[in-house]
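A.B. asks: Residue numbers (the working numbering), protein chains in the order written: chain A, 9 to 336; chain B, 9 to 213.
Bear in mind the hints are in silico, worked out from the structure with no lab data behind them. Cβ atoms here follow ideal geometry from the backbone N, Cα and C, with glycine treated the same way. There may be inaccurate statements among the hints.
Listed next, the stretches of chain B that the computed footprint assigns to chain A, with coverage defined by at least 3 CB atoms under 8 Å from CB atoms of chain A [said to hold, decoys possible]:
1. 40 to 53
2. 59 to 73
Derived EDC-like pairs (lysine to aspartate or glutamate); straight-line CA-CA distance at most 20 Å [stated by the list, open to error]:
3. K44(A) - D150(B)
4. K44(A) - D22(A)
5. K44(A) - D128(B)
6. K44(A) - D107(B)
7. K73(A) - D154(B)
8. K43(A) - E121(B)
The lines below spell out each chain.
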Amino acid sequence: MNRHLLSAGDLTRDDAELVLRTAEELRSLADRPIKKLPALRGRTVVNLFFEDSTRTRISFEAAAKRLSADVINFAAKGSSLSKGESLKDTALTLEAMGADAIVVRHSASGAPHRLAHTGWTRSSVINAGDGTHEHPTQALLDAFTMWRHLAPGGAGKSGGGLDGRRIAVVGDVLHSRVARSNALLLRTLGAEVTLVAPPTLLPVGVEGWDVETSYDLDSVLPKADAVMMLRVQRERMSDAYFPTVREYSRRYGLDSRRMGLLQEHALVMHPGPMVRGMEITADVADSSRSVIVEQVTNGVAVRMAVLYLLLAGSSEPTLTTSDPGASE
Amino acid sequence: MHAQPAKPVPPPDAGDTAVGATPPEEPAGRVVLDARDISRALTRIAHEILERNKGAADLVLLGIPTGGVPLARRVAERIAIVEERPVAVGSLDVTMYRDDLRMRPPRALLPTEIPAGGIDDKVVVLVDDVLFSGRTIRAALDAMNDVGRPRAVRLAVLVDRGHRDLPIRADFVGKNLPTALDETVRVRLGEIDGADDVTISGGAA
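Chain B on its own, in the form it takes in the complex (with noise of 0.2 Å):
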């Protein structure tokens, strides 16, 4: 056998696959969003997303994973209640479209689930849980692109925290946050992290 060099260590970040429900812990920093206010913006996107569309035909949600995942499902259930039939809901992920792919260790692959309908011609809700720069969300426009050809494209998020590198905007936006660049935002969600929040923390103030 020879010597090894030293593995390097994925960065802990939202990108990363979360295992299981991890006993919910105290938030560290602010809480911007409670349980239930995550719950009306959910309500209110849910019936924006009704009204813009004018319905739910043809609508396709997509989660980006991690966190986008269950607020797609979350969506997609009071959709299904409004309209009294469900609707399409999936995830993609953007982990091989990343702008970034090359500049940190391998990440793993989360998964990508696109319903049995496709996204062809179909209104496609994409779902994330932060608008930060604007990078993930052009990642999964260019990973749509290889699944198929939606009519029309839409995002949206549970916190727009500002800050775009690129010319991206949302359609819906749970709670626009004006936040500094050296601030952290966390979004927790029962099914991953066993507790619902959106907290700020870090940051000079």
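Just chain A, with the same shape it has in the complex (with noise of 0.2 Å):
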């Protein structure tokens, strides 16, 4: 693993793997008395949040706090951020008050990665999201959800968990950090990807994500392993992309009818929040298909197996020769 979290794009097949099993044995401690690890003890985590974000925020707090770290909540709104302080100041104030990790979301793309290389600070940055750019963790708690339910062998401890496995991503792919890193991560993990949406929510360069497209859900649908909605981000929207909401859910929605033409095993996905009634109607998203609620319980796993793999060992590579049964 590298030292920060910044694209899906950045983890090796290996990485990807490791953070997926790691999660998997993280998962179970939602059924222990105690459900909390040491590994973090001592440790800072900032939750540096520029843009409004409950439930991404909330998921990385409970990872922190399960794994012992201290957690400090850093929101936009009522701190010196709304006064104006520059991202660098920002940087330079957490990094004063001792902080070996900072997740943050910014509206901006790319500036997770400018706190991470420019020597602002030295805590591990990880990427809640940034603009229409990228959102890893997201990625790899969706992909987390499908190896638990598709790998073979059951919650892919046989590895080689999602080969040839055909996921359609569906709705406003242009304004979707969550497709751009899952089109990244899923690849890595050797699935196959097509992204679903109108023509004017397809974004331009598409062509070199190595992911098929289609205009047509209904098309997709009878191959489809997994089905993943994403909510249309109208507050991003300063145009107008599709002409009628109604328009836009009776082509790209997701309803019992569309849900009729699936697989047996096919999963319903959806990052949240969820606009009910426009990608997704109500009796699709509470179906025994549907993964939605399971998705938000591996979130945590995954955050855990992140930060866990990013600031539990030591970060200088030690030497792979090993002390003669320093293990035992």
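Mind docking these for me? Both chains are given alone in their own frames, and the hints should help you get the complex.
C.D. replies: Structure below.
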């Protein structure tokens, strides 16, 4: 693993599978009487959120606390961030306070990268969503959810997880950092990805993503092993990308008729927050195929795995020749 | 894309995940226990556990991954044959509780499987392959603390090689093996390595 997690594309297949395997072990913690591990005792994790996000922040907070880290939440509202402090000054402040990891969400694509590579801070930087760019931990938790359900032998313990599985990502791909991170990670894990969206909501340069694209949801669904619905991000839309909500729902929304086209084992996913009636109908979201609630549970386990793998060990690579029997 | 720092390579040691059964290679170093010796030692340990516990009531065997897990299963099988009833067996990963966690690159976690009955008010026998510094056992005691409160905890090891750093002692020992600090004791088990033996290698001798 690198010291930072900025893009799902930085993860090698080995790294990604290590995160998934680690998350699988950590997930069982939820069944124990004491849901806490001492791995990050004395470490400080700062949640630096320039954009509102309740679920991602809470998920990171729960993950850090279950690993015994100290958590500082730093939200834009009501802090010096709303008084015009720059990213650099914020970073220097956090560095002076001794943050070991900064979980950053920012409306500007590339902000976490800048934080990690300008020497403002020595902390590990974890991208919790930057603009319309990436959201790697969401991709990891989505992959983890698929892996638990779709990998041969269950829970993917046999490895090889998602090879050849077909994943459809449907909706507002243009504004979705989740779609980009998912496409990168799922390709790394060997899955085949099809992006389904109206032409106006597919990003320029999507040809370079190593994925297939389609404008026709009905033709993609029968082959899919999992279908991930994306929220239509109207707050990022400055233009008319589709005529009406009703027309969008009719062509790209997942309703019970479309769910009937899916294979028996296919999963219905959504990164949340959902707009029921827009991209997904209520009966589909609440159906037995929907793993949307499980995605939230898995999010904590995956974020624990990421924090553990980035922070728990020494940052210096130790020699490959270990001292004899030290682990006994 | 940006330049990536060199990826740290985790040291290959017994704490790492063992994946599948690798083809058995010729043992490196001096063989101190062969497959039959290991089998006899485990049978004796099984009987000693039963004698000490006056039967298999409330017994839970927890192996410490990776080596301790197949050993715990084998001891449990032997106890089940003698007592004619199954005995609870599971595994306990201690990675997160190690005192050297911060000094090494992050390690993969290993499975923790607590038997359905839990460990509260049970007699837990921890099972490991080699007892050396005692630090793994200290970590295991801490890990167990977060799972429940056993009535008693015992320790069974296949090999005690000495050189303890902590005041920890095994209750059941397969073989006491005097070693030099610079020697390496290696336990191979059929379930993980494809063959059963214990070897000593390295050292000045």
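A.B. asks: Evaluate each hint against the coordinates.
C.D. replies: So, going through the hints one by one against the coordinates:
1. 40 to 53: violated (count 0)
2. 59 to 73: violated (count 0)
3. K44(A) - D150(B): holds, 12 Å
4. K44(A) - D22(A): Given pair K44(A), D22(A) is violated - Cα atoms ~27 Å apart, limit 20 Å.
5. K44(A) - D128(B): Cα-Cα ~18 Å, so holds.
6. K44(A) - D107(B): holds, 17 Å
7. K73(A) - D154(B): holds, 15 Å
8. K43(A) - E121(B): holds, 15 Å
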